[in-house]
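Undergrad: Chains G and Y, in that order, give the protein sequences.
For the first sequence, counting from 1, position 103 maps to 103 in the working numbering; every step adds exactly one.
For the second sequence, counting from 1, position 260 maps to 260 in the working numbering; every step adds exactly one.
The hints are simulated quantities; they were obtained by calculation from the structure and are not laboratory data.
Take the hints with a grain of salt, since some may be wrong.
Listing some non-contacts, in silico: residues in chain G with all C-beta distances to chain Y over 10 Å [stated by the list, open to error]: (1) P18; (2) A19; (3) D39; (4) Y52; (5) R66; (6) G132; (7) C169.
Pair by pair, the computed Cβ-Cβ distance ranges are [what the hints assert, rightly or not]: (8) G/G42 - Y/Q62: 56 to 62 Å; (9) G/A145 - Y/Q62: 32 to 38 Å; (10) Y/E402 - G/G132: 47 to 53 Å; (11) G/P85 - Y/E266: 56 to 62 Å; (12) Y/G372 - G/E47: 43 to 49 Å.
Don't be surprised by glycine CBs; every beta carbon is placed ideally from N, CA and C.
These are the residues of each chain, in order.
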Amino acid sequence: MPDSSELRPVLMFAYGNPARGDDALGPALYERIQAQQRDSGGFSDVEVLTDYQLQVEHVLDLQRRRWVLFVDASLTAQPPYAFYPLQPARSTDYTTHAMSPAAVLAVYRQVYGQPPPPAFMLSIRGYDFRLGQPLSTRARHYLDAAFTFVRSLPFAQPFDQNGFCKKFCT
Amino acid sequence: MTDAGNELESAQDPRGLRRVVIEPLTRVEGHGKVTLLLDDENHIRQARLHIVEFRGFEKFIQGRPYWELPVIVQRLCGICPVSHQLVAAKATDMLLGIAQLTPTAEKIRRLMHYGQTLQSHALHFFHMCSPDLLFGFDDAVRHRNIVGVIEDNPEIARQGIMLRKYGQEVIRLTAGKRIHGTGAVPGGVNKSLNREEREFLRRDIAQIVAWSQGAVGLIKRIFAEHFDYHMAFATIDSSMLSLVGDDGAFEIYQGGLRARDAQGGEIFDHVDPARYYEYLREGVRSWTYMKFPFISAIGPDEGWYRVGPLARVNNCDRFTTPLAERERRAFVQIGGGSPVQASLAYHWARMIELLHCAEAIGELLDDDDLLGNDLRIEGEISQGRAIGVLEAPRGTLIHDYECDADGLVRKANLIVSTTNNNQAMNASIREVAKRYLDGRQLTEPLLNQIEVAIRAYDPCLSCATHAMGKMPLEITLVDAAGDVVDRLEKRASGEVCAPGR
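Build the full structure now, drawing on both the sequences and the hints.
TA: As structure tokens, then:
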């Protein structure tokens, strides 16, 4: 593992399709945090990125991170959101169109030959994923809750997986 | 054509047959499932691929102004948004009566398209480091050999990622940004390259070409390791459809439509893509919403065809770039004078195209037209119908719009590559079902062979939406009465469990 002094800020990678209803929850959280960074200097210890979906090249964004937070909409998460640690897991799918966060972590291990940074999933509950729909009313409330939760995360502090999990994981 | 194309589409008497469903559930929309109807002795009686395609997009764009199309259609897909952007831009060119763009505009669009195709195909290069892609994860015998090939190439995964990254840099610099770019607009483009951007791309292009050559070499070695298997697995005889250049050369941006039959004979050639509807029609089936395109002159039963890398490399007379042309010649030799019909040869053809795109990008980067300022031609709405056709990474892509006098979209029909390959994918899984499943006890490894066949086509499933937490694969066994008698779940980790057993 790289020396801790070389580590880059925590990465929050929020993904989803902004044009498909509650699938926009990830990008919507991304926008809120970006606005805070821009307007009030908040979230100064986090780098935020967004995309439609995860793909192999995103392992490049994970390099030398203190830890990583993936954010996505979920049809099954217990409302308002679920937060849990991720482990690398190879995926076998019949199309190359998208990858799970666990599969991206597995690719990281494959490419760099070392464990990926600690990673967590924030799954925000969504309901309506139809094209052209805005965020549903419930999803908007859960986005607020997720934003409050993310604000409480200790991005600047040294990372302690056990203590972190005990305090924050759902 | 092989009888697998239609033979097993409908069982004569489906009563009393058990139903096996393979259903990936990672997507909210745009997922697919395979349904196999078995009799009491596990003989395949019916095989169908259902792709639950989201067709709402045509509705979504009704009433929108034509100039929004190149941007808004990118929302269809997170992997090939540039293909949709470019084909919509081509359609709006037609709407405005613009037959020829400025040299800078055409070359910037081409560069963008090569970058898009390169980054999409690079995913396959990356996945070649996983024998699962080609054989399924339970094929231990073939794995043993292929793992040796992969071990000789430990850099494959990294190279695949870097190739994809390079393609995305091409897109970023030509489209303005990596996702949701606005580079292609009606009548041209809205930016060209500056010298710094060109130099940035030039810096790595020799390496990109070299890696692409390595990719072709790798797939050739993999193919050769089990040549008979690769030539036979999921192989079907089909017609092939693609664009070709005026001189018959490989072409993915602008050209005429060429269709050849299973033996390589001409069905039609150099057809103006704007008249595609005179040559192609879309059939429907009662059991799926997805359409089945076919060549009108042959009819719905026998007129289906394949599109994508296999069709393009078979159909073209030559590549315009030397390294890809050399590889094409080696490729067509395995067909012995007829088109290569092996479904797994899609992977090989895809890598030849990857190499061509890398070479073509290199050639374009030497062209000063990329630096020009004459970006756009103004036009006026000259007709109500706007049709764009190009070769997306997965095959021929058609956007067909009808607009009113104010340029608002009244009606739209999008025939995407996966729809063009619909019948071919059905035929391939039936071939696999007949060869590998018939008469055996149903097992997950056997069903996995069907996934291997589908992967060859790399279907695009309108997948830019997703939801965590669902199982990526579900196999359900239902008896003739409709009761679920067995179920398998395949999780993202690859773990298989059987709830209720």
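Undergrad: All hints are to be evaluated individually against the structure, with a verdict given for each.
TA: Against the structure, the hints come out as follows:
1. Consistency note on G/P18: stated as away from chain Y, yet its beta-carbon is not over 10 Å from all of that chain's, at 8 Å minimum.
2. Here G/A19 does not stay apart from chain Y, with its beta-carbon only about 4 Å from theirs, under the 10 Å limit.
3. Chain Y leaves G/D39 outside its interface by the beta-carbon criterion, the shortest separation being 22 Å against a cut-off of 10 Å.
4. With a least beta-carbon separation of about 3 Å from chain Y, G/Y52 fails to lie farther than 10 Å from that chain, contradicting its non-interface assignment.
5. For G/R66, the non-interface assignment is confirmed: its Cβ lies about 22 Å from the closest Cβ of chain Y, beyond the 10 Å cut-off.
6. With 10 Å as the threshold on Cβ separation, the claim that G/G132 sits away from chain Y is violated: the shortest Cβ distance comes to roughly 5 Å.
7. A cut-off of 10 Å between C-beta atoms confirms that G/C169 is not in contact with chain Y; the least separation is 15 Å.
8. In this structure the supplied range 56 to 62 Å is violated for G/G42 paired with Y/Q62, their Cβ-Cβ distance being about 41 Å.
9. In this structure the supplied range 32 to 38 Å holds for G/A145 paired with Y/Q62, their Cβ-Cβ distance being about 36 Å.
10. A hinted range of 47 to 53 Å for the beta carbons of Y/E402 and G/G132 is inconsistent with their spacing of about 20 Å.
11. About 59 Å separates the C-beta atoms of G/P85 and Y/E266, a value consistent with the hinted range of 56 to 62 Å.
12. In this structure, Y/G372 and G/E47 break the distance hint of 43 to 49 Å, their C-beta atoms being roughly 37 Å apart.
Checked against the numbered hints above, the structure violates hints 1, 2, 4, 6, 8, 10, 12; every other hint is satisfied.
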